[in-house]
Amino acid sequence: MPVHDDLSAPEVIADPYPYFHQLRAEDPVHWNPKWGGWILTRYDDVQWAFQDRRLSADRMTPFMRGLPPHEAEELRPSFDIFSRWMVFTDPPTHTRLRMLVNKAFTPRRVEGLRSRIQAIVDELLDALSDRRQIELIRDFAYILPVTVIAELLGVPPHDRELIKRCSDEITLFIFGAIGVEDRRQRAQHALLELVAYLRGIIEARRRAPRDDLISALLAAKERDDLLSEEEIIATCVLILFGGHETTTNLISSSVLALLRHPDQMRLLRDNPQLITTAVEEFLRYDGPSKAMVRFALEDCELRGKQIRAGQRLLLVQSAANRDPEQFPDPDRLDITRQPNPHVAFGYGIHFCLGAPLARLETQIAINTILRRLPGLRLATEHLEWHPTIVSRALTALPVAF
Amino acid sequence: MRRLRISVDRAKCVASTLCVHTAPAVFALDATGKSSVVNPAGDTEEHILAAAEGCPVSAIVVEDADTGERLFP
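Quick note, the sequences are listed as chains A and B, same order.
If you read the first sequence in our numbering, its first letter stands for residue 1, the second for the next number, and so on.
If you read the second sequence in our numbering, its first letter stands for residue 1, the second for the next number, and so on.
Careful: at least some of the hints might be erroneous.
[To be verified] Some chain B residues judged to face chain A by a derived CB distance under 7 Å, without partners named:
#1 D43
#2 P56
#3 S58
Worth flagging that the hints you see were computed from the coordinates, not collected in a lab.
From the three backbone atoms N, C-alpha and C, an ideal C-beta is built for every residue, glycine too.
Bound-form chain A, shown alone:
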């Protein structure tokens, strides 16, 4: 076993890939005692686990069952929201919720947002034009996705500070921040603030519908009674949250990947049409979702290991995406790589709803940054990553140009 068989060890947080390579080579279905679950690191195993119906996406119910009664009661309001997130549900509930919002996120619908996204990117970079050094996440990468998703949902963009503040706190619960005291209580406080805010917007749209997703969800409720009021609220929170935390991280890790591979940065700057395969490679090489959790509903066997009902599994997308049996020379960043069947957006029924939007935002953001900031370079060699097991997120990315 690895010297440090610890998902949250500082060196694994800083660079998880050597640890995952070692696991994949030595014990691809690995019981990790510290985390208390199975770690899957092979591409084909991760793909299997995303599809096998004996593995449930409902992590909230087992989590709540595992809490002492007083804490479970205290966190009931969080559970009432999160348990209605489609990412934490299985069919048929998942199917119903996903089908209702899918129309708003199809590649064709998202393509219709291209000029608006370009305009937001240009405005953000205009505002930075007299600066020589910026913190790319704070000054750019977080503002773009939250602005886009707020507009799509129908939330006034000037309230994005509230959305961002609440979202950041919700990550403490959802992504799990190692070592933060009272993180679930803090997350719940922010969650309830966001819910109260959304209730106001929903009431306004009920009285006067607009051309936005909240109005569309309300219309679906009125028309076919396909979803409850609580499901509308939970879905709005999910879309606001999921709509930008991960995209922010993708944009910043993409910029970092290019800064660390000047040949690839030059290639992309000279050939902006390569952006489509480039973004797929950024997703594969250092994507924002390191792993997803599933719970076994029944006993199952994988590579001779007995997985018992009730045990949890970590499907490590970051490891699958660097599996040498699937990707030749997996540790090399190659923005022309094709085919590139990475699982950065997951696989199967929970394949990321927002994938087309995340792709488009990142494509536009990266190409515009390369065009407008020709001297782009790292302003520090000291970078830190948020200490979480499931997400890959820089804390800051200072750049100069």
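The hints should help you fit chain B onto chain A, whose structure is shown.
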């Protein structure tokens, strides 16, 4: 109703099953877990085009089987 030619790009398919839920008589997951066309005449053109548009990775192509006209994308 015109005859349609429907194809699924298996290299792109991510098994979201959204097409299967939109037009269940037309699409089904095969043994490898990827979507495939089981009956191109199994549903209305409206539902088939909705399935093609709803695919998150644009893996579905729909054409007029007689004229070859591209209907989606």
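Okay, the hints, checked on the actual structure:
1. D43: Given a least distance of 15 Å, the restraint on D43(B) is violated.
2. P56: 6 Å, holds
3. S58: Nearest chain A Cβ about 5 Å off; hint holds.
Consistency note: the structure conflicts with earlier hint 1 alone.
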